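S.K.: Listed here are the chains, written in short residue letters.
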Amino acid sequence: MLTVEENERLTRIGAGTQAGKYLRRYWWPMCLSTELPERDGAPLRVRLLGEDLIAFRDTEGKVGLVEAYCPHRRAPLFFARNEECGLRCVYHGWKFDTKGDCVDMPSEPAGTTLQAKVKILAYPTVEKGGVVWTYMGPKELMPPEPDYEWTRAPATHRYVSKTFENCNYLQALEGGLDTAHSSFAHYNKLGDRTNLRQHDRSPHIDVERTDYGYYYVSQRNVDDGKYVRVYHYVMPAQQLRASVIGYEGVRNKPARLDGHIWAPIDDVTTFVYNIMCAPHPEDELTPEAVETREKAAGRGREDSLPGTFRLKRNQSNDYMIDRQMQKTQNFTGIVGVNTQDFALQEGMGAICDRSKEFLGTSDKAIVAMRRLLLDAIAVNEKGGTPRAVDPKTYRNVRAYDRVVPTGQDWKTVMEKDLVAIW
Amino acid sequence: MLTPEENQRLTRVSRGTPMGELLRRYWQPACLSSELPENDGAPLRLRLFGEDLIAFRDSEGKVGLVDAFCPHRRAPLFFARNEECGLRCVYHGWKFDRAGTCVDMPSEPAGTTLQSKVKLLAYPIVEKGGVVWTYMGPKELIPLEPDYEWTRAPAGHRFVSKTFENCNWLQALEGGLDTSHSSFAHNNFGNNKAEPRQRDRSPKIDVERTDYGYYYVSTRDMGAEGKYVRVYQYLMPAQQMRANNVGWFGGKNEVPRADGHIWVPIDDTTTHVYNFMCSYDETVELTPEWVESRETQMGRGQNDLIPGTFRLKKNQSNDYMVDRQMQKTQNFTGIVGVNTQDFALQEGMGPICDRSKEFLGASDKAVVAMRRLMLEALDIAQNGGALRGLNPESCRAVRPHDRIVPPGQDWRQLFEGELRAKW
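As given, the protein sequences belong to chains S and D, one line each in that order.
Oh and the first sequence: position 290 is 388 in the working numbering, straight run, nothing missing.
Oh and the second sequence: position 291 is 868 in the working numbering, straight run, nothing missing.
A portion of the hints provided could be inaccurate.
Sample of chain S residues lacking proximity to chain D, with all beta carbon distances greater than 12 Å (derived) [claimed, not checked]:
id: 1; residue: R145
id: 2; residue: E225
id: 3; residue: H279
id: 4; residue: P301
id: 5; residue: E444
id: 6; residue: D451
id: 7; residue: A476
id: 8; residue: R500
According to the in silico footprint, chain D covers these stretches of chain S (three or more CB under 8 Å from chain D) [to be verified]:
id: 9; segment: 164-171
id: 10; segment: 188-200
id: 11; segment: 281-294
id: 12; segment: 459-467
Since the hints were made in silico from the structure, they are not lab data.
Quantities reported herein were computed from a predicted structural model and do not represent experimental measurements.
For each residue, glycine too, the CB sits at the ideal point set by N, CA and C.
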């Protein structure tokens, strides 16, 4: 349980809020590279951490991210012309480059001194791993570029997608650090006890703090040992987990390392970046394998509203819940693993009221995350450097899962599994 | 006229407000029984007095009404599994029975003590008269079960429906205690001067306080034929009963009966109206065809509702499909449906009517009397006194009546015996 005040502190992320200032110490996914497919293409509306922005790929292929409104009379730059290395506002023709410099001001007399004085707010960007990242914090505190194993993996062994979620980022992130719910919410074949998550529905959870956040180990009793999953929480809002072993206990083909980053659009909406990375060279992620997996997660090609990152099964239609299916086939009556998550997370309300919750031992990893975030906010307020700002802390991090035979120590068995190879 | 403070005091219903606490002292309709048609069927979303709740009919057919969010991590129980006498949250499998007791906690280690500590907010339920009633007040003050004549009438002689209204409950209730508007807003028959309500459009109104609230008598002058007298009942906090023995044109109705409404706040700015009918004549059942024709006349027939909802197709978003030509030539409002006409006027006052700007007349006597009773009740509730209408003994025999009283006769004598329940 949190106090109302703590809940506010953790969930409000606008500029000037404590969490807002803290989260701005990190590089954030701003959009997928594929959302800006061509040079001088259409400007893209982006809303991140409560700020309305416009992204564009300029004539040289560089991505700019600027305020959504022209500094002149606040006309919307969404309608701007993206041409000759800059965005030109279609109201009076003022033009700005990716750095935010005003490079033309044709509505003013030649030789105007105004041009040199006007800047548009512009955030630095970097493209890595199929994602366009931005840094929205103080310039002097900008960390080195983000560097996760999955951002280094070859394009054939990595896949990133994105989904809109209609609630605050924190309750979404909490779902990602909660292995216990998968025995229930994702119990998708009623009566099938061969599923590893059904053997043991109250996994033992241990959390270990690290420089980048923590890893946590969930252990479920299975027939001949323990099903051990090592999850990572990379601060502030990334989860990495392994799906080397499938629900039925057989190695997945291809095996995968999965994860999410929950990027706040604003206080009440979130973009979830969904990461897949092959753990080994033989696990190439073919388009077919990707589509199969995305479909199971509930975000296959047919599952999204065309032209958006929103699911067809959403809050407005109760995720197309089928009560008959719920009685006979799966636990929720909802199709799609992450659609099931959305139903539960969005259904908590725009911002979950944590002053009314009641936590158990299965929530250990969630409690640990909240403590780290509250600590980090305090560290940032005092001018310190929070965990995971420095990429060195997380660049070799890798999640993994295995069935560890009875009598063996998971730490010994999995030691090498947990080091990045890409 | 009310001061803004009084208006606020009378209209706001969330927990902790004076009116919210007063209304929670009474049993209130939570939903229709027909909204929970089967055991172990789909959970039903309800919102009552600003609280988000989930109703479910369990394996034994008993209804539970609980907080809409699981106490664990606040996952929505709308998606829960309704099975084996309880609601099981689909996030981590925690299960609660209709009393709110946690009966299973499979995500925690066996033998956890947590299970006995966790409770889900649950309100008591009783089903009567085709309605699921709940009590949301302090446990130690729970009154006896609701008991009205229409809840006791046989199913064939009783009908209850429900409509969504997009405004605060009080302005809706006020419309129900205001006989005089029916001469205008419900002047639906081409200004037919033979209609009793058109022969006298400023009825005399007398209010008599009772243990349950009040009754009020409206008397319309019918010239040589005498007086058209209607006795309306106001049962606190928000129920109205009126009789329709006499038809719109003064003759005997084919189905003599009591009609009525209960206005139940969804929250401060929306209301569910329960509409009930109860046939007075043992030999006259309410056939489905007759009910449908009557509901259609009211504006809420099967074809008048947005499918799957209790909302009218003719609503605020389309100006109730007002037809200005019809208004010139056929009826007073240009709107079809008696209660649709009411909705247009009541919803059009805004989400909460600003009573500091009103200007009341003699025709508003019953409205004023209701407000006074309410303001008094707010004080009584605060001081721990006895509230009107709380004890079912005070309500159970109440019945409204209407008839034409011939010249020279006293309505009291003619009505005596007719104002007592017969079911």
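S.K.: A separate judgement is required for each hint: does it hold in the structure or not?
M.R.: Consistency of the hints with the structure:
1. Annotated as non-interface, R145 of chain S keeps its C-beta farther than 12 Å from every C-beta of chain D; the closest such distance is 26 Å.
2. Every C-beta of chain D lies more than 12 Å from that of E225 of chain S, the closest at about 36 Å, which supports listing it as non-interface.
3. Not every Cβ of chain D is farther than 12 Å from the Cβ of H279 of chain S; the closest lies at roughly 5 Å, contradicting the non-interface assignment.
4. For P301 of chain S, the shortest C-beta to C-beta distance to chain D comes to about 9 Å, within the 12 Å cut-off, and the non-interface label is violated.
5. With 12 Å as the threshold on Cβ separation, the claim that E444 of chain S sits away from chain D is violated: the shortest Cβ distance comes to roughly 8 Å.
6. The Cβ of D451 of chain S does not lie farther than 12 Å from every Cβ of chain D; its closest approach is about 6 Å, which violates its non-interface assignment.
7. At the 12 Å boundary, the C-beta of A476 of chain S stays outside the reach of chain D, the nearest C-beta of that chain being 24 Å off.
8. The claim that R500 of chain S is not at the interface with chain D holds, since no C-beta of that chain comes within 12 Å of its own (minimum 22 Å).
9. Given a C-beta distance limit of less than 8 Å, the hint that chain D covers the segment 164-171 of chain S is violated, as 0 residues qualify and 3 are needed.
10. With 0 residues bearing a CB less than 8 Å from a CB of chain D, the segment 188-200 of chain S misses the requirement of three and the coverage assertion fails.
11. Judged by the Cβ-Cβ criterion of 8 Å, the segment 281-294 of chain S is covered by chain D as claimed, because 3 of its residues qualify and three suffice.
12. Counting residues of the segment 459-467 of chain S whose C-beta sits closer than 8 Å to any C-beta of chain D gives 4, which meets the bar of three, so the coverage hint holds.
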